[in-house]
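Chains as they are written, first to last, in the working numbering: chain V, 1 to 308; chain W, 309 to 616; chain X, 617 to 924.
Hints listed in this document are in silico derivations from the structure and should not be mistaken for laboratory results.
A hint or two may mislead.
Claimed, not checked - Derived DEER-like restraints, expressed as beta-carbon distance ranges: (1) W:T344 <-> X:G768: 36 to 44 Å; (2) W:R466 <-> X:R736: 51 to 59 Å; (3) X:N820 <-> W:T344: 45 to 53 Å.
Virtual Cβ for every residue (Gly too), placed ideally from N, Cα, C.
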Amino acid sequence: MQWRHKDLLGLEELTAEEIDGILEQTRAFREVSQRTVKKVPALQGKTIVNLFLEPSTRTRASFELAAKRLSADIVNFQESSSSLAKGETLKDMARNIEALKVDCIVMRHASSGAPHLLARCVKASIINAGDGAHEHPTQALLDLFTIRDKIGKIEGLRVLFVGDITHSRVARSNIWGMSKFGAKVTVCGPRTLIPYDIGSLGVNVSHDLSSSIRECDVLYLLRIQHERQRRHLFPSNREYARFFGVNESLLNGARKNLLVLHPGPINRGVELSGDASEGPQSLILEQVTNGLAVRMAVLYLVSGSGES
Amino acid sequence: MQWRHKDLLGLEELTAEEIDGILEQTRAFREVSQRTVKKVPALQGKTIVNLFLEPSTRTRASFELAAKRLSADIVNFQESSSSLAKGETLKDMARNIEALKVDCIVMRHASSGAPHLLARCVKASIINAGDGAHEHPTQALLDLFTIRDKIGKIEGLRVLFVGDITHSRVARSNIWGMSKFGAKVTVCGPRTLIPYDIGSLGVNVSHDLSSSIRECDVLYLLRIQHERQRRHLFPSNREYARFFGVNESLLNGARKNLLVLHPGPINRGVELSGDASEGPQSLILEQVTNGLAVRMAVLYLVSGSGES
Amino acid sequence: MQWRHKDLLGLEELTAEEIDGILEQTRAFREVSQRTVKKVPALQGKTIVNLFLEPSTRTRASFELAAKRLSADIVNFQESSSSLAKGETLKDMARNIEALKVDCIVMRHASSGAPHLLARCVKASIINAGDGAHEHPTQALLDLFTIRDKIGKIEGLRVLFVGDITHSRVARSNIWGMSKFGAKVTVCGPRTLIPYDIGSLGVNVSHDLSSSIRECDVLYLLRIQHERQRRHLFPSNREYARFFGVNESLLNGARKNLLVLHPGPINRGVELSGDASEGPQSLILEQVTNGLAVRMAVLYLVSGSGES
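The task is simple: from the sequences and hints, build the whole structure.
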């Protein structure tokens, strides 16, 4: 595939063909992590910066390992947003990082659009590792890869997202990605956690998990953020779990070959019971494995494009 | 040597022959750090995770350097235990890390037995870098190596451990290790810091440092943790130092070729005076140097076993 | 050049010839970061420790990338100074790090002279990455390199430093460095921020920025530390900016080919307006780029000298 973009900011702006290209590259790299020597020299001498302005361990580590398996040099910048507050702008910071002659900046930021701003200020490639409630493209790519790896296609699949849709960049990136491939997406959750205009993204809305779960091929559970509870968007974890938590008995009412996905880390007993998370339908650990391969593919494609 | 274990969890479960094998491998690797080019390709393409759920700088850095000198890729996970508290279990976290296709997880945890739990959940090798008050096997291995490097043997040596025996994983691992090689171990400290049933480990107990110090070949001082004082297990650092602190004048009453060890970092003027810590009998810095070689050996042996 | 020193502690003790040698080496390494493969094997198998006992992101990252572009192994030690307080001395810590057989320790410390103390305790090379209000030699080296790269010489240049001279290690290192090459240095700022005996360093003093700015070739703005304001050394950022902040209109009164430098990160609207920081006279981003090359040169020179 010929990758034509400097950055990877979101799935909204990509075509199905472009997403396809990333997933093909992912398949090639997934094999690297299964070897005894889990390393290729593809990005030898390239420099990648992990710029995480919101705390993260897993996504940061997944990108760090992806870079190392491609033989790139990677440096972590885990500044608190407060250091930016001392008179320096995000643009200043990014241009300073670029002046170190880096090839790629992987960025997480609490504000939607922050990576897009950076992408216009610097020549280095920007990979969005999560911007506010907007997009988390590598997560959606790994989800698409995982589903297609199991079922062989995305087209026509009925996908049900359950949880806090309003605040979920994971849901938003997936809705864009899956819709491009012809999946039929339904979102499900308490009214307080679903945007009133979500229909404009072409999805259906449900507030009844037990009936919706019977009619889907892929069940995607979002992580309940405890901060939301404190803001009174739902009464308690216990009440959430009663109406929107998934357990074995609920899964018994679903299709036999239903796939269960979750972006991790899971809240056992809230959105998902422990049993269900380890059941045969759960793809949660395959998502993690595939996530590393997706990030290798994305780092490789954007760094390659930077050269031409 | 043929290493047969997936993990290194403690010295209690190893035979003297197995410990011997690790120490032989250590000798081979210690030479690497004396070269101009301090690096061998032994673990090229292997991935190691430093999972430290208790704060640590030195042990973490020693493992990190050991991995780098073996050409492995290493990623640090320094999660606070609080991130685990948000609904995720330790097992979930470990299985997520393993899904990144890592070969080895080096783990420190505040709870005894945590690495043993992990070792049963994941296929990756687990190295215990300290679990609660239970074991710290690489520390005891480096101590055994250091003593044998100086004296040529462990058998028959009279070893005196001084300090907070109750809370010391260093003491516990060393007692198991040294006993297997036929050393005679005595523990010494205030009654509040020695477990009442310590005799079941086959050691003698003393509460009189000045007389015990005259009859030992190896003096091993444990670090006084200031947190203990706050819990009123002893009245003050000053009083501790008066009865159980070691200084030059106390050493004058000991054997001329006594060896003094300490796991570091030392509290100057509490368990050990500054002069004594830098005296000719002190092996403290050799312990640090040998610690890196021990960790290279352990990483090498467990990673090799993972392949077969 | 033949580099004869074990350490790089400051510019005060170097000759102009020695500084020249570092700058020549810098020129050679600057080219590496412009390649597609930004890496040379010069320090393969060497170990460098970043020991930052004061918070820092940029200088730490600049040294980390410099080490990686030279193929060295680098480990970050970012201890809080509090961990030292628990009975361990700085000397103990340094000797422990050295016992890991490291070649070079890059050190930042809040106290003037701390790296000099270390340099006497350990055989490893010490690079001062900022000690209190004393020196920050790699910053001054990159400033000298940047100016000479633009103008071709330092001799005879009129350089104006503006800001908190009292607390600035950047100013102090630069004054020593520039004076050795025959520049004429003036310092400018409120009386509370200029040491009364600064004349002993051979510099002129001004309290009137708008007149001094007309007569300089290089304008060097120091970062205003907000902590100073809290200690009432000046009334407010707004008042500081009114009398000592630089903006486009002030630059209009200066020489056309004036150079503007700042060590970063800038406080937009305090010591420098946003427009001026991005204007054609600003060398701020080139300073960052050259800083990495200077650090490669310094790491290379001191690590080489350690071998002989």
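Now the hints, each set against the structure:
1. For T344 (chain W) and G768 (chain X), the hinted distance range of 36 to 44 Å is satisfied, since their beta carbons lie about 38 Å from each other.
2. Take R466 (chain W) and R736 (chain X): their Cβ atoms lie about 38 Å apart, and the range 51 to 59 Å is violated.
3. A C-beta distance of roughly 49 Å is found between N820 (chain X) and T344 (chain W), which places it inside the suggested range of 45 to 53 Å.
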